[in-house]
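Can you make the complete structure from the sequences, with help from the hints?
Chains as they are written, first to last, in my numbering: chain A, 1 to 307; chain B, 1 to 267.
Take these hints with a grain of salt, some might be off.
Unchecked claim - Now the in silico label distances, taken between C-beta atoms and shown as ranges:
| id | chain 1 | residue 1 | chain 2 | residue 2 | range |
| --- | --- | --- | --- | --- | --- |
| 1 | A | Ile-254 | B | Asp-84 | 35 to 43 Å |
| 2 | A | Asn-40 | B | Ile-173 | 17 to 25 Å |
| 3 | B | Ala-113 | A | Gln-133 | 52 to 60 Å |
| 4 | B | Leu-5 | A | Glu-67 | 49 to 57 Å |
| 5 | B | Asp-84 | A | Asp-61 | 54 to 62 Å |
| 6 | B | Leu-34 | A | Lys-128 | 35 to 43 Å |
| 7 | A | Asn-72 | B | Asp-84 | 23 to 31 Å |
| 8 | A | His-209 | B | Ala-23 | 33 to 41 Å |
| 9 | A | Asp-61 | B | Arg-6 | 30 to 38 Å |
| 10 | B | Phe-19 | A | Ser-195 | 47 to 55 Å |
| 11 | A | Asn-40 | B | Ala-249 | 48 to 56 Å |
| 12 | B | Ile-173 | A | Lys-110 | 40 to 48 Å |
| 13 | B | Pro-235 | A | Tyr-15 | 54 to 62 Å |
It should be emphasised that the hints constitute simulated quantities derived from the structure, not laboratory data.
Every residue gets a Cβ at the ideal spot worked out from N, C-alpha and C, and that includes glycine.
Chain residues, written in single-letter form:
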Amino acid sequence: MNDYMIETRGLTKKYGEQLSVSGLSLHVRKGRIYGLLGRNGAGKTTTMRMLLGLAAPTSGDVKIFGEPLRGNEKKILPRIGSLVESPGFYPNLTGTENLQIFASLRGLKKPKYVKNALEVVNLPYKDKKLFSQYSLGMKQRLAIALGVMHNPELLILDEPINGLDPIGIAEMRDFIRELCDAMDKTILISSHILSEISLLADDIGIIDHGVLLEEESLEELERKNGKYFCFRVSDPKTAARLLKQQMGVQDIAIGNTNELTVRDSGLETGAAVRLFVEAGLTVSDAHLYEETLEDYFKKVTGGEGIA
Amino acid sequence: MLKLLRCELAKLRRKPLFFAAAAVSALIPLAYALFLPDFKQFTSSREAVDSMMAALFQMSACLLLMPALVVLASNLLFEEQDNDTLKNLVTVPVSKASLALAKMLLLFLFSAAFMAVGGLVNLALVSAAGWAPEGFWRLFWVGIGQGIMMWAGALPCILLVVLLNRSYIISVIIAFFYTSINYIFGMNDLFIMQPFGFNPGTLLPGSLAFRWYFQYFDTSHAGAETAALLERISPYFVTVPQAFLVTGAEAVLFLTLIALVYKRQGC
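Structure follows, in structure tokens:
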């Protein structure tokens, strides 16, 4: 028995001849926020649709709460809250009326469920505004309210910050974090916005062209990210010798334009600069460079960056 | 299923199409009363009731209810895809087959209500004209029965609409042709003079309904034309069990097919 809330093995989805998701093996741990990161069209939504039983996998297995999803939908799905693609509601009804329909179908008889769900996303209860008159941000909030209304253990959220303004995004981030930290929810969230995933997720999966390229905790990814110092000195060869002899630094590269690159996370910049100056060298620039998650994403996907 | 039906009813709020379709049930009786000279020339209460109800059965049910059912069905079935709500329902989880059946059940209630409203409008008009509602209540229930037959009869057409998936224009065209064919066949001797069995006269809703409801009219003072028709078709009248056996069997068959086809369609 493992503590994975979601586990997939070799999950594959083909639409005709087009491979949308290929051999995906995903592991979402209990009480964690898992960020599925990928460009538009990478296969995030298709993956989420398969996790919710909205699309049948061409091959592979999906296990949720340790049980195969197929054949156990009636048992598993009521324990999941979801937002997949754009928010879908009845345009002729108000937000409250829309939620009341789904509350009734979920067997949530007391009005407090709808009221609370609207409250947490800052939407008014029993407002007269129809869903068709909602802004994109309000629609997104209502979809989140629907996802959390029945107090699910697992939330599957596909691009939940789409359409939200910057304040809304920050609020949504805090809300999702709180759901995980204070309410012990497990959350799978997908996004093509790298900064959001890096601010929110505990674990990250990088998906590209339907293939899960990397699956790590954020700490592990940060540890893997490169860190290096760059100096511009009057005599880089002398500077390199000094660093080797006096400070025991080994990984040094001399570049063009008097540049010296040092890959040693333990190096003290101040001490190195002092050493160069005392040896009569002129230091015109000293910088610490850290590879960002975006650099890492580029490296892993072998292509361009992400928003 | 009741929970789903309640939700279907809740979804009808502020939906003008549904209420406009319901209001149409009063149209033919009102038009009949206002524009046809026959209305002023009745010689007895029974004749007034029979004539008004016959107009309801032949015109409202066959020409208005049937196409209204098909158009409303396409609206109800495709609203989930159009509004992108099907994914929310499936993840509850609600099975697509149950959802389709709940929608068909709603149309069943609509059919009964449509005929009931038409009947009650007739009652009001007959009463306003100073006639007693003689024999009305029996015909009122026959009308509701015919509404149910029209509902079952519309199901093959609804199946076709579901198969063609979300084309409202095609739905309207199909509804128009189906209604016309049913109306023509329902009045044609070739079809209404067929024995009860596996033949178009029994299986088509228009002719089946006609062979059933016609026997409930008072024909004791019928004119020459009606008497001749009665003589021709009375051997082919169907009983209540026969009529509802066919209706029930058709409903079960086509509801199953609609549920299966709807289930196969994507979210």
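A quick look at each hint next to the structure:
In this structure, Ile-254 of chain A and Asp-84 of chain B break the distance hint of 35 to 43 Å, their C-beta atoms being roughly 59 Å apart. For Asn-40 of chain A and Ile-173 of chain B, the hinted distance range of 17 to 25 Å is not satisfied, since their beta carbons lie about 38 Å from each other. Distance hint check: the CB atoms of Ala-113 of chain B and Gln-133 of chain A are about 30 Å apart, inconsistent with the given range 52 to 60 Å. At about 31 Å, the CB distance of Leu-5 of chain B to Glu-67 of chain A disagrees with the hint of 49 to 57 Å.
The supplied range of 54 to 62 Å is broken by Asp-84 of chain B and Asp-61 of chain A, whose beta-carbon atoms lie about 28 Å from each other. Between Leu-34 of chain B and Lys-128 of chain A, the C-beta spacing of about 38 Å keeps the proposed range 35 to 43 Å intact. Between Asn-72 of chain A and Asp-84 of chain B, the C-beta spacing of about 25 Å keeps the proposed range 23 to 31 Å intact. Taking the beta carbon of each, His-209 of chain A and Ala-23 of chain B are about 55 Å apart, not inside 33 to 41 Å as hinted.
Take Asp-61 of chain A and Arg-6 of chain B: their Cβ atoms lie about 37 Å apart, and the range 30 to 38 Å holds. Restraint check, Phe-19 of chain B to Ser-195 of chain A: a C-beta distance of roughly 49 Å satisfies the suggested window 47 to 55 Å. The hinted range of 48 to 56 Å is satisfied by Asn-40 of chain A and Ala-249 of chain B, whose Cβ atoms lie roughly 51 Å apart. For Ile-173 of chain B and Lys-110 of chain A, the Cβ-Cβ distance of about 47 Å falls inside the hinted range of 40 to 48 Å, so the restraint holds.
Under the hint 54 to 62 Å, the C-beta atoms of Pro-235 of chain B and Tyr-15 of chain A, about 59 Å apart, fit the expected range.
When the structure is compared with the earlier hints, violations turn up for hints 1, 2, 3, 4, 5 and 8 and for no others.
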